[in-house]
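Undergrad: Residue-level listing of the chains:
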Amino acid sequence: MVTIYIDGKPYQVDAGQNLLHICLSMGINLPYFCWHPAMGSVGACRQCAVKQFRDENDTRGRLVMACMTPAVEGLRISVQDPQAVEFRASIIEWLMENHPHDCPVCDEGGECHLQDMTVMTGHTYRHYRWKKRTFRNQNLGPFINHEMNRCIQCYRCVRFYRGFAGGRDFDAFSNHNTVYFGRKTDGVLESEFSGNLVEVCPTGVFTDKTFRKHYTRKWDLQTAPSVCVNCSLGCNTTPGERYGQLRRIRNRYNFNVNGYFLCDRGRYGYEFVNSDRRIRQARLRRNREAAFESVAPDEGLQRIKEIVKKSGRTIGIGSPRASLESNFALRTLVGPEHFFSGATVKDHELVTEAIKILRDIPSSMASLHEVETSDAALVLGEDVNNVAPMAAYALRQSVRCKPQAISQKLKISDWDDTAAREAVQDQKGPLYLATIADTRLDDMATRTFHASPQEIARLGFAVAHQISPTAPQPENLDSAALELSKMIAQDLKDAESPVVVSGCSLEEKSILYAAANVVQALRSIGKPARLFLTLPESNSLGLELLEPGSLNQAFAIAREDNVEAAIILENDLYRRSNPALLEAFFKSIPSVIVLDSLDNPTAQKADVLLPAATFAESDGTLVNNESRAQRYFQVFVPQDDIKESWVWLRAIGDALGQEEPGARKTFDGLIADMVKELPFLAPVQEISPASGFRIAGAKIPRQPHRYSGRTSMHANVSVHEPQPPQDPDSPLSFSMEGFLAEPPIEQPPASLIPEFWAPGWNSIQSLNKFQEEVSGPLIGGDPGKRIILPPDPEQAAYFDEIPEPFASRAGELLLAPLYAIYGSEELSIHTPGEAQLTPPLRLEINPRDAQQFNLTGETVLQVSVDSQVFELPLHISASIPEGTAGMICGLPEMPYVALPAWGKVTPKPVNSSTENPG
Amino acid sequence: MIISALISVWNVFKHLFKKRVTIQYPEERPYLAPRWRGRIILSRDPNGEERCVACYLCAVACPVDCISLQATEDEHGRRYPEWFRINFSRCIFCGLCEEACPTYAIQLTPDFEMCEYDRQNLVYEKEDLLIDGQGKYHGYNFYRVAGVAIGGKDKGESENEDAPIDLRSLLP
Ligand code: SF4
Ligand code: SF4
Ligand code: SF4
Ligand code: SF4
Ligand code: FES
Numbered sequence: 001m002v003t004i005y006i007d008g009k010p011y012q013v014d015a016g017q018n019l020l021h022i023c024l025s026m027g028i029n030l031p032y033f034c035w036h037p038a039m040g041s042v043g044a045c046r047q048c049a050v051k052q053f054r055d056e057n058d059t060r061g062r063l064v065m066a067c068m069t070p071a072v073e074g075l076r077i078s079v080q081d082p083q084a085v086e087f088r089a090s091i092i093e094w095l096m097e098n099h100p101h102d103c104p105v106c107d108e109g110g111e112c113h114l115q116d117m118t119v120m121t122g123h124t125y126r127h128y129r130w131k132k133r134t135f136r137n138q139n140l141g142p143f144i145n146h147e148m149n150r151c152i153q154c155y156r157c158v159r160f161y162r163g164f165a166g167g168r169d170f171d172a173f174s175n176h177n178t179v180y181f182g183r184k185t186d187g188v189l190e191s192e193f194s195g196n197l198v199e200v201c202p203t204g205v206f207t208d209k210t211f212r213k214h215y216t217r218k219w220d221l222q223t224a225p226s227v228c229v230n231c232s233l234g235c236n237t238t239p240g241e242r243y244g245q246l247r248r249i250r251n252r253y254n255f256n257v258n259g260y261f262l263c264d265r266g267r268y269g270y271e272f273v274n275s276d277r278r279i280r281q282a283r284l285r286r287n288r289e290a291a292f293e294s295v296a297p298d299e300g301l302q303r304i305k306e307i308v309k310k311s312g313r314t315i316g317i318g319s320p321r322a323s324l325e326s327n328f329a330l331r332t333l334v335g336p337e338h339f340f341s342g343a344t345v346k347d348h349e350l351v352t353e354a355i356k357i358l359r360d361i362p363s364s365m366a367s368l369h370e371v372e373t374s375d376a377a378l379v380l381g382e383d384v385n386n387v388a389p390m391a392a393y394a395l396r397q398s399v400r401c402k403p404q405a406i407s408q409k410l411k412i413s414d415w416d417d418t419a420a421r422e423a424v425q426d427q428k429g430p431l432y433l434a435t436i437a438d439t440r441l442d443d444m445a446t447r448t449f450h451a452s453p454q455e456i457a458r459l460g461f462a463v464a465h466q467i468s469p470t471a472p473q474p475e476n477l478d479s480a481a482l483e484l485s486k487m488i489a490q491d492l493k494d495a496e497s498p499v500v501v502s503g504c505s506l507e508e509k510s511i512l513y514a515a516a517n518v519v520q521a522l523r524s525i526g527k528p529a530r531l532f533l534t535l536p537e538s539n540s541l542g543l544e545l546l547e548p549g550s551l552n553q554a555f556a557i558a559r560e561d562n563v564e565a566a567i568i569l570e571n572d573l574y575r576r577s578n579p580a581l582l583e584a585f586f587k588s589i590p591s592v593i594v595l596d597s598l599d600n601p602t603a604q605k606a607d608v609l610l611p612a613a614t615f616a617e618s619d620g621t622l623v624n625n626e627s628r629a630q631r632y633f634q635v636f637v638p639q640d641d642i643k644e645s646w647v648w649l650r651a652i653g654d655a656l657g658q659e660e661p662g663a664r665k666t667f668d669g670l671i672a673d674m675v676k677e678l679p680f681l682a683p684v685q686e687i688s689p690a691s692g693f694r695i696a697g698a699k700i701p702r703q704p705h706r707y708s709g710r711t712s713m714h715a716n717v718s719v720h721e722p723q724p725p726q727d728p729d730s731p732l733s734f735s736m737e738g739f740l741a742e743p744p745i746e747q748p749p750a751s752l753i754p755e756f757w758a759p760g761w762n763s764i765q766s767l768n769k770f771q772e773e774v775s776g777p778l779i780g781g782d783p784g785k786r787i788i789l790p791p792d793p794e795q796a797a798y799f800d801e802i803p804e805p806f807a808s809r810a811g812e813l814l815l816a817p818l819y820a821i822y823g824s825e826e827l828s829i830h831t832p833g834e835a836q837l838t839p840p841l842r843l844e845i846n847p848r849d850a851q852q853f854n855l856t857g858e859t860v861l862q863v864s865v866d867s868q869v870f871e872l873p874l875h876i877s878a879s880i881p882e883g884t885a886g887m888i889c890g891l892p893e894m895p896y897v898a899l900p901a902w903g904k905v906t907p908k909p910v911n912s913s914t915e916n917p918g
Numbered sequence: 001m002i003i004s005a006l007i008s009v010w011n012v013f014k015h016l017f018k019k020r021v022t023i024q025y026p027e028e029r030p031y032l033a034p035r036w037r038g039r040i041i042l043s044r045d046p047n048g049e050e051r052c053v054a055c056y057l058c059a060v061a062c063p064v065d066c067i068s069l070q071a072t073e074d075e076h077g078r079r080y081p082e083w084f085r086i087n088f089s090r091c092i093f094c095g096l097c098e099e100a101c102p103t104y105a106i107q108l109t110p111d112f113e114m115c116e117y118d119r120q121n122l123v124y125e126k127e128d129l130l131i132d133g134q135g136k137y138h139g140y141n142f143y144r145v146a147g148v149a150i151g152g153k154d155k156g157e158s159e160n161e162d163a164p165i166d167l168r169s170l171l172p
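Just so you know, the protein sequences line up as chains A and B, in that order.
Just so we're aligned, residue 1 is where the first sequence starts under this note's numbering, counting upward by one.
Just so we're aligned, residue 1 is where the second sequence starts under this note's numbering, counting upward by one.
The set of hints was computed from the structure by calculation and includes no laboratory data.
Heads up, none of these hints are tricks.
Calculated pairs, BS3-like style, for lysine-lysine (alpha carbon to alpha carbon, straight line, at most 25 Å):
| # | chain 1 | residue 1 | chain 2 | residue 2 |
| --- | --- | --- | --- | --- |
| 1 | B | Lys155 | A | Lys131 |
| 2 | A | Lys184 | A | Lys209 |
| 3 | A | Lys209 | B | Lys153 |
| 4 | B | Lys155 | A | Lys132 |
| 5 | A | Lys428 | A | Lys493 |
| 6 | A | Lys509 | A | Lys904 |
| 7 | A | Lys356 | A | Lys676 |
| 8 | A | Lys132 | B | Lys153 |
| 9 | B | Lys126 | A | Lys213 |
| 10 | B | Lys153 | A | Lys213 |
| 11 | A | Lys131 | B | Lys153 |
| 12 | A | Lys209 | B | Lys155 |
| 13 | A | Lys184 | A | Lys132 |
| 14 | A | Lys346 | A | Lys904 |
| 15 | A | Lys213 | B | Lys155 |
| 16 | A | Lys527 | A | Lys486 |
| 17 | B | Lys155 | A | Lys184 |
Pulled a few chain B residues facing chain A out of the computed Cβ check, cut under 10 Å:
| # | residue |
| --- | --- |
| 18 | Arg79 |
| 19 | Trp83 |
| 20 | Gly156 |
| 21 | Ala163 |
| 22 | Ser169 |
| 23 | Leu170 |
Beta-carbon label-pair distances, calculated as ranges:
| # | chain 1 | residue 1 | chain 2 | residue 2 | range |
| --- | --- | --- | --- | --- | --- |
| 24 | A | Glu742 | B | Phe93 | 31 to 39 Å |
| 25 | A | Arg162 | B | Leu167 | 14 to 22 Å |
| 26 | A | Lys411 | B | Pro172 | 34 to 42 Å |
| 27 | B | Trp83 | A | Pro689 | 36 to 44 Å |
| 28 | B | Leu167 | A | Pro728 | 52 to 60 Å |
Quick caveat: nothing in here was measured; it's all calculated off a predicted structure.
For glycine and all other residues, C-beta sits at the position ideal for the given N, C-alpha and C.
If we strip away everything but chain A, and leave its shape as in the complex, we get:
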């Protein structure tokens, strides 16, 4: 800590931190462009100039760039100095010389950092009389709109895209005052983090193309804190609604989870909420052959009441993509012994195992932020870019941690981005990737290891053994793997805070054990190693914490125990189980009740279908991969008969006369019941204030105070304005009235901030007013709480279930699951842009296997596995290990197969039918 003087006032600040960071953290407004809280300083734009004085007698001073000047004891600067003020105003004027007259048609307008900074410096009039420079735009694919005329050449975009996100197909082109930011030629941006350009660029050069199709200004969006539902990491988001449609998703800062960024799957995966395939009315039918009839909600409930009353037993099938509360409501309705996991049998086992590991071994789970700041990483099995994309982003940053020692030795501050990168050059910290095939992280890896799931597990066990000889050792490890394991062990041992990233995507339990062993071995020698496990879906952990039975047990009960009815919660079982088993299951159950938001094959099997709300239309809690319970709030009230699943389930309970305590009528009451029954879920109650919470007696409005059209938007239906919908479930209101936040003086708790905005700061850069310090935690603590608390530090036993070495089989290949960022996830695929980028169905085979099986380039293959036969085009890929084949899971056209599994692969007979897979 040192004392510096800003405009004569003393401040206690971190020594060596740059002055821009300090000023913003202290609440002093200072305009800037090229500096970004997550990307540090480059001193390119000259916008953040302040006056620095030699001592208290110096009255002349000199202009310095705040973002490039470290704080030292006794430093004196002035932000208000007239010369500094004038300098900053002229910088903006220069930047604006060529700026087009676009604000009214610019999607950045109203949340534009350039607008904000222009107002802040007071520049109002363009003196420059000559012509404006213009550029041609590029088509950058379905997600990003390009309007180069608006560029102010701050270089943030290219620094983010290449330096932080690791993209290669984007750069700065041309020279002097014509520098151009784009691709060499038109084309889809390759990086899965490209959407962040929208938020990183301080102007309207890059804007959200999906948002453009239903454009609304930021001040017109009704927003609420939310959580991404497209993978298990639970990145925080801010969805925005207008006129009953979800319009976009933006990043929501959470220090521990996603920081300033999101992946494109999450950012653009929202369009299913507006899909034509939404189920909007309750539907009934007399029998499975009859067509559905839409009915009033009460009629649906009446029918359910009749079904469930007369039936002997009702079972409930939960869902890894439904909220904790909805799953619990179903569990209560049918009874814990009749509540089954809706995850695949394998995922159910794996996630249950993951929970055990997280509970048992004395290591703390890593948060995404901790992955980012680890100085050595071992990835066992996960293709993170496709399974949990933001983890790939975090790993990309982690390799920069160790080499920081080099720049630090040269006395270069970490925030001095260009200098630090120049000092480090291409040196990277250790990152080892053991996966089935190539990943998009390979360019960062110290070494990659492509092998079958078993061999990956064996490598992990070997690493653990190398670190600590008490860890069990795999037999007959080949020499290359042994060599590699020694190298990995050494690097992990040398690190200060190593992390092991693993997960469920290869459906191989022993990989989880291996990862746990490595962490334990490291801990046993005193390294604070951490474990980061990715899970299959957004609430996989939450579902399994409720201890449901497996899907196979549900099938068995249905077969043997004359179950009369099944309630299926937000789950397309055809993505989870073999179709033949499912046909038998549905046949054996007289009445099927389905609650879901989108029509799908399971909904088609229903006798009663109830329209369920999506994440944007409901309140709920998701438990992410590190067991962090995170609340998402209803963004808007859905039209038609759509209701939150837990509301439906509660209504069914009421119709059945299951006497409920009165409190159970509300969301708070449901959570209270849940915590009473399962006390370890207590943190769920603490992650956000209860619905009765008020500030100065008022609710917190979801609509900004500038929200427009209140007396007109419904006037086409009736000129008498409806009362705004009430929200009994949270302290937020569906209105623009209520507590007006005035950050940083007075603001709601971080879990209840609908959208970040501060006077003079309309863009997302307003975040600095809500953080304890720039890039630090939100004031009052970041939302979300871990359910699995750090276990006791006693050393648990090592796992010793080491798999046998992989042995290839004659005439068969081990089909292993591959994943696609766009395509493998159920909901995001309904965004047309993501559907467009989904890879084609295919079977990926090693060239040597292809040769052995006599397969060549254009062949269509017949693959028989798990008593199903598919026809898949052949794709030869050198990175697939011999004896295995890769198949992308979860694509909409593919029926479910439990992988990995041995399959027979033959070329398709010439005259066989052209029936599609399945």
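Fit chain B with the ligands to the given chain A structure using the hints.
TA: This is chain B with the ligands only, laid out in the frame that chain A set:
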């Protein structure tokens, strides 16, 4: 006391011979200045295209929030309102929308004869608002000065613009 009463009576009496300020409306029409703030219209640019670019500024400026609209685009990227609604039963004719409008699209006119028996009829949609002329402000065409390209106007063809940069050029 009585004097002041008498003065008042005299003053009133004098008014009998003054020119009348009221007129025989509706047979007779008052003169209203062009800047009079009455019924709101949406105007067209000199080329006869809709002037409104759906920027939402009028809507946010409106103190009673009686304007709502939805932006859309034609196939060449020209933005315009898909629909545009003013609830005149709420409008206070303050003129702030006209002041906020960066394109001269929305204008108040000297017409106040909008009475209805049914409030619902005071809800005007774009068809009711859009006129065929330029209204009070002649000659302005926002897209001629904006940097975005639209059908019939490529990059570099706006007023005060240079031709697009040739990125392959090596000239200093
Ligand atoms: S980038 Fe900002 S300042 Fe420039 S046209 Fe867009 S909104 Fe206006
Ligand atoms: S495109 Fe945006 S981020 Fe990139 S240099 Fe221009 S203004 Fe900066
Ligand atoms: S990484 Fe996962 S949680 Fe985060 S935005 Fe992407 S899909 Fe959503
Ligand atoms: S301010 Fe003008 S251009 Fe903008 S939406 Fe209103 S009428 Fe249209
Ligand atoms: S922000 Fe300091 S020079 Fe750009």
